[in-house]
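J.: So the chains spell out like this:
There are 2 protein chains.
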Amino acid sequence: MPDILHRVGIAAPIDKVYKTLTTLDGNRRWWDSGATGDASDGGELTFFKHVFKVEARPNEFVKWKCVRGSEEWVNTTVEFRLVYKDNQTFVMFTHADWKKPVEFMHHCSTKWATFLLSLKQYLETGTGRPAPNEVQVYVGG
Amino acid sequence: MPDILHRVGIAAPIDKVYKTLTTLDGNRRWWDSGATGDASDGGELTFFKHVFKVEARPNEFVKWKCVRGSEEWVNTTVEFRLVYKDNQTFVMFTHADWKKPVEFMHHCSTKWATFLLSLKQYLETGTGRPAPNEVQVYVGG
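Residue numbers (the working numbering), protein chains in the order written: chain A, 188 to 328; chain B, 188 to 328.
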């Protein structure tokens, strides 16, 4: 099944990146400022009306399995794998197990890139671009 | 084989997007300001020391097949499929036929997103972010 892949390198310690991805406040600063729920291991998070089960291992990975939401996203898994090297924390990102490479998957791939750069910007400068103030990739969203 | 997928919607006529992708000057404005060669149908283009054979059909698609360059890119195909709808030109982008989803593929996926947003910005405002002035996605590139 097709996957969305990305990688960003962030000038921040690995535990700070991990903390951002496993706290509600952290995730509100780079992805969805309207997120609700519990972003820690075993928790349930809601972003953009999609519900995710969280699995996380400190300074190694964070996985969000989509359990409710749009047909395209249900049963897909968003994973952030963290590796510190070359004086930065690399986030190896995969949004796996899409059923088909539909047009919406193309859109989401570009959008994920902008959000991962928002994560990088937030951790490096203190200010991200979470929704609804995110980078627009087409006329209307 | 895994593919990189993206989509951007550009507030510009389809023929202007097509012209940008099939002229050397156009491609220098959003991707690689050091590009050389012939970007029209049947031509051979060099970007970042990679050589591509061009296949293009007016206002429909532009394909670049990598014939020389890094091991990861040789025999991959970069495709821009153009569709005008909802008052904008959508670029459905695929970089297809990677052998494996290596870390470099993750990197290139994020980088492609920034370049496609550079294409959008160039066509909408007159100024893109081609290399070497492109958006950085890690500390060092």
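Hint data in this document are derived by calculation from the structure and do not stem from the laboratory.
Please read all numbers here as calculations on a predicted model, not as lab measurements.
Here a beta-carbon is modelled for each residue, glycine too, at the ideal position from N, C-alpha and C.
Fair warning: there could be bad hints in the mix.
Result set (DSSO-like, lysine-lysine): computed pairs, CA atoms no more than 30 Å apart in a straight line [stated by the list, open to error]:
| id | chain 1 | residue 1 | chain 2 | residue 2 |
| --- | --- | --- | --- | --- |
| 1 | B | Lys-287 | A | Lys-240 |
| 2 | A | Lys-287 | B | Lys-252 |
| 3 | B | Lys-286 | A | Lys-252 |
| 4 | A | Lys-286 | B | Lys-206 |
| 5 | A | Lys-272 | B | Lys-272 |
| 6 | B | Lys-240 | B | Lys-252 |
| 7 | B | Lys-272 | A | Lys-286 |
| 8 | A | Lys-250 | B | Lys-287 |
| 9 | B | Lys-206 | B | Lys-240 |
| 10 | B | Lys-236 | B | Lys-272 |
| 11 | A | Lys-287 | B | Lys-236 |
| 12 | B | Lys-287 | A | Lys-252 |
| 13 | B | Lys-252 | B | Lys-203 |
| 14 | B | Lys-286 | A | Lys-250 |
Not everything, but these chain A residues come out facing chain B in the computed CB check (under 8 Å) [unchecked claim]:
| id | residue |
| --- | --- |
| 15 | Asp-190 |
| 16 | Asn-262 |
| 17 | Phe-280 |
| 18 | Ala-283 |
| 19 | Thr-297 |
| 20 | Tyr-309 |
Okay, the calculated bits of chain A under chain B, using three or more residues with CB under 8 Å as the criterion [what the hints assert, rightly or not]:
| id | segment |
| --- | --- |
| 21 | 266-275 |
| 22 | 315-326 |
J.: According to a criterion of three or more residues whose C-beta lies within less than 8 Å of a C-beta of chain B, is the segment 266-275 of chain A covered?
T.: Per the Cβ count (3), the hint holds.
J.: Holds or violated: Lys-240(B) with Lys-252(B), Cα cutoff 30 Å?
T.: Judged against 30 Å, a Cα distance of about 5 Å means the pair holds.
J.: Are Lys-287(B) and Lys-252(A) close enough, with their CA atoms no more than 30 Å apart?
T.: At roughly 24 Å apart (the allowed maximum being 30 Å), Lys-252(A) and Lys-287(B) satisfy the hint.
J.: A closest beta-carbon separation below 8 Å is what the hint needs, so does Phe-280(A) meet it against chain B?
T.: holds (7 Å)
J.: Sort out whether Lys-252(A) lies within 30 Å of Lys-286(B), counting only the CA atoms.
T.: holds (27 Å)
J.: Should the hint that Asp-190(A) touches chain B count as held when the rule is a Cβ pair under 8 Å?
T.: For Asp-190(A), the interface hint holds, since the closest Cβ of chain B sits about 7 Å away, which is under 8 Å.
J.: Hinted pair, alpha-carbon criterion (30 Å max): Lys-286(A), Lys-206(B). Please report holds or violated.
T.: violated (34 Å)
J.: Tell me if chain B covers the segment 315-326 of chain A under the three-residue, 8 Å CB rule, please?
T.: holds (count 4)
J.: Are the Cα atoms of Lys-206(B) and Lys-240(B) separated by 30 Å or less?
T.: holds (17 Å)
J.: Would the hint on Tyr-309(A) stand, with a C-beta cut-off of 8 Å toward chain B?
T.: violated (15 Å)
J.: Given the hint that Lys-287(A) pairs with Lys-252(B), does the C-alpha gap stay at or below 30 Å?
T.: This hinted pair holds, its Cα atoms lying about 24 Å apart.
J.: Quickly compare the C-alpha distance for Lys-252(B) and Lys-203(B) to 30 Å and report which way the hint goes.
T.: Distance of about 22 Å is within 30 Å: holds.
Hint compliance for this structure: hints 4, 5, 10, 11, 16, 18, 20 are broken, all remaining hints hold.
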